[in-house]
Structure formats: C-alpha cells, structure tokens
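> As a plain string of letters, each chain reads:
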Amino acid sequence: MVCLGLSSGPDLLTVFIGGRLQLSAGIAVCVTASDRLFQQKVVRHMVEIARIHIRDAGRSKSRSLSGQRWALIGGSALAIYGITRRSSLGVALAASGGAIALLGSTQKQRSRPASAWTSLLVNCSPLEAYRFWRDFENLPRFMNRLHAVTVLDDRHSRWIALGPMGRPIRWDAEITDERENESIAWRSLPGSDVLVDGRVEFRETPAGRGTLISARLEFRRAPGMSRAMAKFLNKGAHFAMRQDLRRLEALMETGEIPTTEGQPHGPRDVITAFMRFADPTRPIRPDSRLKDVFEGRRGIA
Amino acid sequence: MKAVCYMGVEKMTVETVPDPTILNPRDAVVKITSTCICGSDLHLYNGLIPTMEQGDIMGHEFMGEVVEVGPAIKPDRLKVGDRVVVPFTIACGNCFFCKRQLWSCCNNSNPNYWIAEEMMGYSPSGLFGYTHMMGGYAGGQAQYARVPFADVGPLKVPEGIPDEKLVFLSDIYPTGYFGAVNADIEPGDTVAVWGCGPVAQFSIRSAFMLGAERVIAIDRFDYRLRMAEEGGAEIINYEEVDDVVQTLKDMTGNIGPDRCIDAVGMEAHDCGLMYMIDRAKQMARIETDRPIALRQAIQACRKGGTVSVPGVYAGFDDKIPMGAFMNKGLAMKAGQTHMMRFMKPLLDKVESGEIDPSFVISHRVPIDRAPEMYKIFRDKQENCTKVVLDPWAAGAMAA
Ligand SMILES: NC(=O)c1ccc[n+]([C@@H]2O[C@H](COP(=O)([O-])OP(=O)(O)OC[C@H]3O[C@@H](n4cnc5c(N)ncnc54)[C@H](O)[C@@H]3O)[C@@H](O)[C@H]2O)c1
Ligand SMILES: [Zn+2]
Ligand SMILES: [Zn+2]
Numbered sequence: 527m528v529c530l531g532l533s534s535g536p537d538l539l540t541v542f543i544g545g546r547l548q549l550s551a552g553i554a555v556c557v558t559a560s561d562r563l564f565q566q567k568v569v570r571h572m573v574e575i576a577r578i579h580i581r582d583a584g585r586s587k588s589r590s591l592s593g594q595r596w597a598l599i600g601g602s603a604l605a606i607y608g609i610t611r612r613s614s615l616g617v618a619l620a621a622s623g624g625a626i627a628l629l630g631s632t633q634k635q636r637s638r639p640a641s642a643w644t645s646l647l648v649n650c651s652p653l654e655a656y657r658f659w660r661d662f663e664n665l666p667r668f669m670n671r672l673h674a675v676t677v678l679d680d681r682h683s684r685w686i687a688l689g690p691m692g693r694p695i696r697w698d699a700e701i702t703d704e705r706e707n708e709s710i711a712w713r714s715l716p717g718s719d720v721l722v723d724g725r726v727e728f729r730e731t732p733a734g735r736g737t738l739i740s741a742r743l744e745f746r747r748a749p750g751m752s753r754a755m756a757k758f759l760n761k762g763a764h765f766a767m768r769q770d771l772r773r774l775e776a777l778m779e780t781g782e783i784p785t786t787e788g789q790p791h792g793p794r795d796v797i798t799a800f801m802r803f804a805d806p807t808r809p810i811r812p813d814s815r816l817k818d819v820f821e822g823r824r825g826i827a
Numbered sequence: 130m131k132a133v134c135y136m137g138v139e140k141m142t143v144e145t146v147p148d149p150t151i152l153n154p155r156d157a158v159v160k161i162t163s164t165c166i167c168g169s170d171l172h173l174y175n176g177l178i179p180t181m182e183q184g185d186i187m188g189h190e191f192m193g194e195v196v197e198v199g200p201a202i203k204p205d206r207l208k209v210g211d212r213v214v215v216p217f218t219i220a221c222g223n224c225f226f227c228k229r230q231l232w233s234c235c236n237n238s239n240p241n242y243w244i245a246e247e248m249m250g251y252s253p254s255g256l257f258g259y260t261h262m263m264g265g266y267a268g269g270q271a272q273y274a275r276v277p278f279a280d281v282g283p284l285k286v287p288e289g290i291p292d293e294k295l296v297f298l299s300d301i302y303p304t305g306y307f308g309a310v311n312a313d314i315e316p317g318d319t320v321a322v323w324g325c326g327p328v329a330q331f332s333i334r335s336a337f338m339l340g341a342e343r344v345i346a347i348d349r350f351d352y353r354l355r356m357a358e359e360g361g362a363e364i365i366n367y368e369e370v371d372d373v374v375q376t377l378k379d380m381t382g383n384i385g386p387d388r389c390i391d392a393v394g395m396e397a398h399d400c401g402l403m404y405m406i407d408r409a410k411q412m413a414r415i416e417t418d419r420p421i422a423l424r425q426a427i428q429a430c431r432k433g434g435t436v437s438v439p440g441v442y443a444g445f446d447d448k449i450p451m452g453a454f455m456n457k458g459l460a461m462k463a464g465q466t467h468m469m470r471f472m473k474p475l476l477d478k479v480e481s482g483e484i485d486p487s488f489v490i491s492h493r494v495p496i497d498r499a500p501e502m503y504k505i506f507r508d509k510q511e512n513c514t515k516v517v518l519d520p521w522a523a524g525a526m527a528a
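Chains A and B, in that order, give the protein sequences.
If you count by the working numbering, then the first sequence holds residues 527 to 827, one letter each, in order.
If you count by the working numbering, then the second sequence holds residues 130 to 528, one letter each, in order.
Please note: incorrect hints may appear among the correct ones.
To list a few chain B residues with every Cβ distance to chain A over 12 Å, as calculated [stated by the list, open to error]: (1) 155; (2) 349; (3) 371.
Calculated pairs, EDC-like style, for lysine to aspartate or glutamate (alpha carbon to alpha carbon, straight line, at most 20 Å) [said to hold, decoys possible]: (4) B:228 - A:795; (5) B:473 - B:292; (6) B:228 - A:730; (7) B:228 - A:654; (8) B:378 - B:363; (9) A:761 - B:247; (10) B:203 - A:782; (11) B:208 - B:280; (12) B:160 - B:497; (13) B:432 - B:342; (14) B:140 - A:730.
No wet-lab data here; the hints were simulated from the structure.
For glycine and all other residues, C-beta sits at the position ideal for the given N, C-alpha and C.
For reference, chain A alone in the conformation it holds in the complex (with noise of 0.2 Å):
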C-alpha cells in the first residue's frame, strides 16, 4: 500500500471525523462515481488512511498488527485494488474491501498516554539552539499545536494549545532541571488541562556537524480531560514532533520556515481544495480560512 504511494495530505480529518466515516464515504463515492480523476482523489485518501493506521501500528509498542489493523489495511487494498479495474467484478471487489475494512476500523481503541521522542541533527552551536528554546516564547514559531506561551518568570511559563476544534488546551509549567547550553526539563504544574513532561538536550557533533538536538515530551490526561481531548494528543504525537522540530530546523538554518501557503494556482476541484485545508502540516487556527474550500476554486488557498 505504501508501495503505492498516492498518499496526500489530510491526517486532521482522521483526527476529527475518525477514519471509518471517511473510509465509508469514501468507498460511497469510488462506486458510485464515474468520474476518473475524482475517484482517484479519493482512492488517495483512503490509502492516507490506511498509512496513517500503518504508521501508527508500526510504532506502537507491540510491534505488531493488530486483527483490526490488518482488517482495515487488507479490507482497504481490496477496495482499491477493485475500484482500479473499473468493471462489476471491481465494484463488487471494492463493496467487499470496504465492508472488511469497515469492521476492522469500528473496533473500539484503547488510549494511553501520549509520549514521543526524537533527535535533529541541526547545524548550529549547541549555544545558539539553546538559547533560542530557552525563550519559551519562541516554541510558537514553530511547534504548530502551540498557539502561545507567555514566560511569567524565570522558571515559570503559561502555555496555550490549541485542541480539536480550535478549542484551547492550557498549562502552566515550571522548569525542573537545566544546564546551560546542554539541557532543559520542564512539567506543568497542578491545575493545568493537561499533564505534560518535556526534556530537550543540545549536543555538539563531531567534525562540525552541528547540533544534535534530543526532545522527549510526554503528555497524559489530567482528571477532568475529554476523552475526544485526551485521544486528540495522542493521534500522531511523534509525527507532530518531528514536523516540530524540522520546523526549528529551517528558523535555526535559514531564518525562515519554507511554504507554499498563498502561492497562486489555477482552478481547484472540492475535493482538492478540501484536502489542502486539511493538510496536517497546517495550523489548526480558529481563523483557518473556510471560504477557501467553498469559494477559493480560483486564486489563492
């Protein structure tokens, strides 16, 4: 499936709406439709889905598919492969994936905690990567659920996240240990929405190549958390991360973080400017600019 490689953009949704509400509109409309390239816009979607799924099978701590996993990959490649035969033979393929698919993903999950670590080798000092982090008001720039983080003091700091829908997420956080220009600890303190532990380390490389950067941030569900909330920061935690800090990498090395966002284009379907409002690697901000999937055919997305 991966092989297949038509992945595009939207993990959001899956975040929002749940993977088998997609999958089955999806599966819908690939029937139904006799329009080619819409129906390969949305074979692409479905296979993001199951990506997703795979990814996050692959990093779960068994190591191993899970029987609803497997479902719902097996049950998707089905489906796809029996949409690209365009015949009855497909249909009734791609009706018989999707069912499969369908029970594979309305099982119930399980949520745990959400904790997610990895490194960046960024070239800069250690001093330069350590300053610019221990200014908690600069993570904003470039960790996207971040929306704001106000420093109170020198060991104290208010954070703003933004949750699903846009709706805030807040903590206050103290720092627990640091080392100049080697490492910083914080976690939130008692009456925060959410539990939050994190920890950077810089490390200098050898024959210049820069600066190692280590990051570990666990979050886990404070009493009182939705579950939509709790299950909201455990969808693609590593992921986020590492959109994060290749995010830092970019302002470290070029001063600036790279995007398309406001280019021209020439005339989007729906469906396709519906998939670029929902790319993940968006901000999910309250002012998202709906009307640019309803009214932004032509111009600028």
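Given the coordinates of chain A, work out where chain B with the ligands should sit on it, guided by the hints.
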C-alpha cells in the same frame, strides 16, 4: 498572469491566475522571459508521479528578471533588475546537505518532506512545479514565479547573451553534465548513453569534455540520433538491432562500455515482452517505473564500471539485475542535479563559446500553445527535441 496548469492526466491548460507574491523573507519574484517543457514534465503529464493536484502550476526550467525581493535578501546577492537563470532545485544554502554541495538534497526547502519520506525514507529538496511530494511549489511555465531562497539559487547572467543560450542552465545542461560527472569518466573511456533526448544530448557532449574517447548513443528516433552524431557520438537505433547489450559488446571489443548513462528514466520504451509487462504493471500502479534502460545499462556495463542515472525514477522498480550489479562490481550514482555546483562553471563554457546549448531547441512557441506542445513533445512529433515557451509573445499578453 498566465500559467500552464495541470488539470488532470494528459490535460494541461493555460489559466489566468493571480500574480505570485513574496511569502518568505528570502523570496524573490521573477518576471519570466523564457521557460521550457522538460522530459520530466512528461512524467507528470502522463500521470505517473503521485501527488499532483488539479490546478498546480507546471514548469521548472525558466529564467527572467528579478522584479521584487524579500526583506532578507542582501543587495549584493540579488536585487531588482538582475537577469537570472533559476535552477529547478530549491536549496537553503545552510543545512547539512547544502554545506556538502548536495544541493538537490537540501533539508529545508521541501515543506511536504514527510510525504516524500513515506516513499523514500528521506526527502530530496523542493522542486518547482513538480508534485506536492516535492514541495508543491508553483512552477515556472508562467509569466511570473516566486523563487524561495533567492539569495542561493538564481544565477546572475550577463546581458548580451540571448535567453536561448542560457535558459538550459536551469536544468538540462547541468543535468546532462552531472550525468557525465557521475559516470566518473577516465581518459580513454567508452561511454554508452541511453536516450538521445535533450538531457542525453548534453551528457554526450559533457562526456567528451570530461575526457571520454568514444560515446555510443542509443535511441530509436532518427532525428535525435542524428543530433547525437553531430555531437560526436556513434549511434545505435535499438529498434534496428536484435539486442542492445550484444551490440554494445560487439562495438567495444567484448569488454563493454566503461561507463553507462541512463538518460531515459521511468518511461522507457522497448519492443519486447518485458516492455508490455512493465507497461501493464505501471498502468495498474503495481510498478511505478519502467526501468528498461536501467536494466540494459547494468547488463551492458563493463566489469568494475559505473552506471550513472540522471533519468528520473519515481518509486519501486521490478527485475533490476542486482546479480549483475553485484557480481560485476559496478558502482551506481544518481540524483536530481546539484544545480548550484555546476551552473557557474557551465555558464563560463557558454560565455567562452565552448558550447552553445541552444542546439537542442526544436520549437519556440508562445505559452498559449503549451498544452498542445506537451503532446507533440511526448509523442516526438514534428521532430521535437526541446520546446521553449515565450510567456509574453503576441497572443500571450498578460490578462
Ligand atoms: N536528474 C535530473 O535532475 C533530471 C533533470 C531533468 C530531466 N531528467 C530526466 O531525464 C530523462 C530524459 O529527459 P529528456 O528531457 O531528455 O526526455 P525525452 O523524453 O525528450 O527523452 C527521452 C529519450 O529516451 C528515449 N528512449 C526511450 N526508451 C529508450 C530505450 N529503451 N533505450 C534508449 N532510449 C530510449 C526516447 O526515445 C527519448 O528520445 C527524463 O527521465 C527526465 O525526467 C532528470
Ligand atoms: Zn527539467
Ligand atoms: Zn539546504
């Protein structure tokens, strides 16, 4: 402005779209004076590289005049009014890879790097007008283009040399050269080049520049083979011989060409059964590429030789003769061209008159005719080798 847009497989149209603007501090906007259609664009036209979207602006081979620069661009690097050739790879100039001259592997220029990572492990640099996987940047088959990291990529070129001698510095001339550089040519070597398209034509000439004794060019179109001959190559029309590999053996004292350059890429054509199988698989999306030239290059290469692959491959290829590759002790090099490594030295060769790259041009047309030119170029009609588009020609006025 006018722009050539991808509207679906085999469907390009010229649309009126908003003018590009500066989006990042190190951007520039270039008013395009010449732009081309590339063999790489044909892979998109044929729908073979995933993550194109309806409405994407095509094109990655262009030059023009700087009309706007972002606030972070220093005037000694680039300023309004400069005449520039824009390389098709976008590079930041300060990451691990740029620092090592691996410009087309820049870590910071592809905002959608994570899509490419799913397929390739790691992502190459952003490219103009070449799928969302490669950054989704609006391309240069248009009247204007936004150029990111404009203080790194664009090469300033002198007035007084016509566009058509310079515009190929944006891709195919350095790419052909890179193909030859990657072949590690040593004096006395025989170099076999698969394909006689524009990229191959430059590889042929570059191979001689780098010391090759003989170059053998392989294609099936007579007019392209003739152009290769004019560049000093011996030729094989693969439709007229039984077996290309055997013919190469016969021509090289049964030792084989020392260096093999695959300048064909993922859409190779052939006559045999294998071709039909590859084509079917490609259509069913089971295999992304048809690596016919690559297979032949590995088979034909002499023991201990080098296979260089400037031809573009997108995904997962079947029946690559790994046994031959391993047991013969071959080396292989490939890549999108590290443009900034080659543009200046190759400009010098144009200025000194050592080469006039405009020899590959077969069609000069207004941008409005781009859609039909895609088809003509793809089907190699009208002896088409290279199409240069004029975005401002009469009948192509700004709308
Ligand atoms: N690496 C890079 O940075 C880079 C840059 C530009 C282009 N490219 C790639 O280089 C390749 C060639 O580009 P082009 O503009 O010359 O394209 P083109 O389509 O004009 O040329 C391809 C040529 O290969 C010939 N060919 C097809 N099958 C063959 C076979 N089995 N044996 C021998 N010849 C065969 C065709 O007849 C044609 O003449 C493309 O794959 C393109 O994507 C790579
Ligand atoms: Zn090109
Ligand atoms: Zn770079």
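> Now tell me if each hint is right for this structure.
Hint check results:
1. With a closest Cβ-Cβ approach of about 6 Å to chain A, residue 155 of chain B is found to fall inside the 12 Å limit, against its non-interface label.
2. For residue 349 of chain B, the shortest C-beta to C-beta distance to chain A comes to about 30 Å, beyond the 12 Å cut-off, and the non-interface label holds.
3. At roughly 34 Å from the closest C-beta of chain A, the C-beta of residue 371 of chain B stays outside 12 Å, upholding its exclusion from the interface.
4. Using a Cα cut-off of 20 Å, the hinted pair residue 228 of chain B and residue 795 of chain A is violated, with the two alpha carbons roughly 40 Å apart.
5. With a C-alpha separation of about 16 Å, the suggested pairing of residue 473 of chain B with residue 292 of chain B holds against the 20 Å cut-off.
6. Only pairs whose Cα atoms come within 20 Å are accepted, and residue 228 of chain B paired with residue 730 of chain A is accepted, the gap being roughly 17 Å.
7. With a CA separation close to 18 Å, the supplied pair residue 228 of chain B and residue 654 of chain A stays within the 20 Å bound.
8. Distance check on the hinted pair: residue 378 of chain B and residue 363 of chain B sit about 14 Å apart at the alpha-carbon level, within 20 Å; holds.
9. A hinted pair counts as satisfied when its Cα atoms are at most 20 Å apart, and residue 761 of chain A with residue 247 of chain B qualifies at roughly 18 Å.
10. Proposed proximity of residue 203 of chain B and residue 782 of chain A is supported: the alpha carbons are some 15 Å apart, at most 20 Å.
11. A hinted pair counts as satisfied when its Cα atoms are at most 20 Å apart, and residue 208 of chain B with residue 280 of chain B qualifies at roughly 9 Å.
12. Among the hinted pairs, residue 160 of chain B with residue 497 of chain B is consistent with the structure: their alpha-carbon atoms are about 17 Å apart, no more than 20 Å.
13. For the suggested pair residue 432 of chain B and residue 342 of chain B, the alpha carbons sit about 18 Å apart, so the restraint of at most 20 Å is met.
14. With a CA separation close to 51 Å, the supplied pair residue 140 of chain B and residue 730 of chain A exceeds the 20 Å bound.
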